[in-house]
Amino acid sequence: MEDVRQDYVEASDAALVVAIGRYQQAALAEAYRRHAGAVFGLAKRLLSDTSRAEEIVQEVFVRLWNDPSRFDPERGTLRSFLLATTHGRSVDLIRSDAARRAREEREAREQADGGYDLAREVWDMALAGHVRDALEALAPGEREAIELAYFGGRTYKEVADELGQPEGTVKSRIRSGLKHLRQELLEAGVSSGTA
Amino acid sequence: MDDMTDCNDIYELDELLGAYALDAVDPDEARRVEDYLAINPKAATEVADHREVATMLAFTGMEAPDDLWDRIASELDDGPEQPAPGPELQRIIHATPTVAVTPAVPAVEPKSTAVRSLDDARQRRRWSSSVAWLAGSAAAAIVAVMAITVVVTDRADAPTDPLAAAIETARADRDSVETTLVAENSDATADAVIDQDGHGYLEARALPTLTDDQTYQLWGVVSDAQVISLGILGPNPELETFTVEGEVSALAITIEDAPGVIADGNPDGAFVGTF
Numbered sequence: 020m021e022d023v024r025q026d027y028v029e030a031s032d033a034a035l036v037v038a039i040g041r042y043q044q045a046a047l048a049e050a051y052r053r054h055a056g057a058v059f060g061l062a063k064r065l066l067s068d069t070s071r072a073e074e075i076v077q078e079v080f081v082r083l084w085n086d087p088s089r090f091d092p093e094r095g096t097l098r099s100f101l102l103a104t105t106h107g108r109s110v111d112l113i114r115s116d117a118a119r120r121a122r123e124e125r126e127a128r129e130q131a132d133g134g135y136d137l138a139r140e141v142w143d144m145a146l147a148g149h150v151r152d153a154l155e156a157l158a159p160g161e162r163e164a165i166e167l168a169y170f171g172g173r174t175y176k177e178v179a180d181e182l183g184q185p186e187g188t189v190k191s192r193i194r195s196g197l198k199h200l201r202q203e204l205l206e207a208g209v210s211s212g213t214a
Numbered sequence: 027m028d029d030m031t032d033c034n035d036i037y038e039l040d041e042l043l044g045a046y047a048l049d050a051v052d053p054d055e056a057r058r059v060e061d062y063l064a065i066n067p068k069a070a071t072e073v074a075d076h077r078e079v080a081t082m083l084a085f086t087g088m089e090a091p092d093d094l095w096d097r098i099a100s101e102l103d104d105g106p107e108q109p110a111p112g113p114e115l116q117r118i119i120h121a122t123p124t125v126a127v128t129p130a131v132p133a134v135e136p137k138s139t140a141v142r143s144l145d146d147a148r149q150r151r152r153w154s155s156s157v158a159w160l161a162g163s164a165a166a167a168i169v170a171v172m173a174i175t176v177v178v179t180d181r182a183d184a185p186t187d188p189l190a191a192a193i194e195t196a197r198a199d200r201d202s203v204e205t206t207l208v209a210e211n212s213d214a215t216a217d218a219v220i221d222q223d224g225h226g227y228l229e230a231r232a233l234p235t236l237t238d239d240q241t242y243q244l245w246g247v248v249s250d251a252q253v254i255s256l257g258i259l260g261p262n263p264e265l266e267t268f269t270v271e272g273e274v275s276a277l278a279i280t281i282e283d284a285p286g287v288i289a290d291g292n293p294d295g296a297f298v299g300t301f
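Taken in sequence, the protein lines are chains A and B. Here the first sequence is numbered in the working numbering, starting from 20 and rising by one per residue. Here the second sequence is numbered in the working numbering, starting from 27 and rising by one per residue.
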């Protein structure tokens with residue numbers, strides 16, 4: 020993969036996607052080099068299953084190859100697009116009954132081993148300190164709702180049920196929490212492009 | 027969206043944007059939000075912002091398994107075959123007086139003989155307007171055909187742009203080769219330079235802007251006098267770069283139907299330059 024990728028090492032993500040549209044496999048290889056780790060990490064975190072996470076990674080990049088026009092550079096970064104795709108596909112799997120049962124069993128085991136901490140999950144991020152600070156700045160209800168919805172793969176209605184709170188409250192907390200996170204990160208000079 | 031006149035609906039949909047961005051809504055709600063986003067750019071921007079935030083939360087610093095790329099690569103479609111351009115373009119290119127310059131690019135065996143038709147690709151892939159815009163003007167287009175790869179990169183709008191500096195460096199290198207592409211029926215020209223490492227630069231700002239349904243296409247004459255497609259430049263090319271592997275004796279730019287290559291090439295009004 021190293022040899023064929025040389026022409027694209029310095030290309031922007033947008034340039035890579037255009038090249039992928041021209042059937043340049045080396046461009047996809049470079050996109051994989053840049054983002055597959057994040058895609059895999061998110062899928063594995065959501066699915067708690069390495070094998071299925073690999074399948075998601077494979078699916079996400081093959082989809083990018085087959086239909087690169089789905090990426091709109093005016094709507095965000097390539098990484099954001101790939102992770103959104105990853106999240107959506109992973110959630111689809113999570114919400115299947117069989118997957119849910121297996122996942123709940125795994126989560127029960129994991130929580131027995133010490134629980135789950137969202138801040139710990141992002142500790143290794145390049146700018147983890149800023150992200151951690153932003154998370155800690157959220158109201159507990161906002162943070163909890165985002166955690167369960169994003170990393171738990173639950174709908175806001177399921178989150179509301181789990182937390183025993185009104186659906187409207189949870190819905191609003193997710194939205195306000197994301198806005199607060201964004202504001203905190205912007206004030207700290209952090210953007211997804213630097214992550 | 028029929029029920030969008032109700033302010034309560036709008037409020038409810040706005041409140042759903044965060045949950046929607048995290049895939050935390052029911053399918054019916056997702057469809058309602060998507061209809062809403064289609065008519066409300068501000069809401070669409072908010073969702074994009076939420077997803078960018080989620081992107082940062084999602085980063086775990088993990089690496090994908092080593093062998094996973096091989097599995098992905100085995101699934102990729104190579105794309106359709108690209109027919110060679112017709113003889114008329116070859117005639118025009120070869121009829122242009124040749125400047126006696128020794129090509130500095132060493133002959134290299136082609137990596138692949140696979141030639142792809144972007145015309146076919148056009149039928150197979152419907153580009154969003156934004157990506158097509160990228161391909162045509164602002165960001166980048168990368169096309170590789172046979173032994174030659176053309177990498178169209180971001181425009182160099184500022185003199186301090188690294189690309190502009192690279193061009194100046196290439197022009198100053200005595201081992202580089204340069205040509206000016208001219209056409210019989212136009213005063214506009216385009217300048218190309220290829221350095222000794224095979225990095226090519228095309229300054230095409232002077233070419234007239236085409237309509238959206240047209241595009242400039244770059245061609246090259248390689249060994250054995252074969253004319254091959256080098257890539258799509260878009261309707262308004264500016265500063266483009268390309269990497270050449272193998273000997274190139276001439277370049278040509280033609281006007282084609284957007285978004286890309288046609289089988290025969292359109293020699294009418296071709297800009298041609300020889301090395």
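Just so you know, these hints were derived from the structure itself, not from any lab. Check each hint, because a few of them may be wrong.
DMTMM-like, lysine to aspartate or glutamate: derived pairs with alpha carbons at most 20 Å apart [claimed, not checked]:
1. B:LYS68 - A:GLU163
2. A:LYS176 - B:GLU60
3. A:LYS176 - B:ASP52
4. B:LYS68 - B:GLU89
5. B:LYS68 - A:ASP111
6. A:LYS176 - B:GLU264
7. A:LYS176 - A:GLU93
These are the hints, each one checked on the structure:
Between the alpha carbons of LYS68 of chain B and GLU163 of chain A the distance comes to roughly 27 Å, so the proposed pair goes past 20 Å and is violated. The suggested pairing of LYS176 of chain A with GLU60 of chain B holds, with an alpha-carbon distance near 19 Å, which does not exceed 20 Å. At roughly 9 Å between alpha-carbon atoms, LYS176 of chain A and ASP52 of chain B fall within 20 Å of each other, so this suggested pair holds. For the suggested pair LYS68 of chain B and GLU89 of chain B, the alpha carbons sit about 35 Å apart, so the restraint of at most 20 Å is broken.
With a C-alpha separation of about 27 Å, the suggested pairing of LYS68 of chain B with ASP111 of chain A is violated against the 20 Å cut-off. Pair hint LYS176 of chain A plus GLU264 of chain B does not hold up; C-alpha atoms about 51 Å apart against a cutoff of 20 Å. A distance of roughly 31 Å separates the Cα atoms of LYS176 of chain A and GLU93 of chain A; the hinted pair therefore is violated under the 20 Å criterion.
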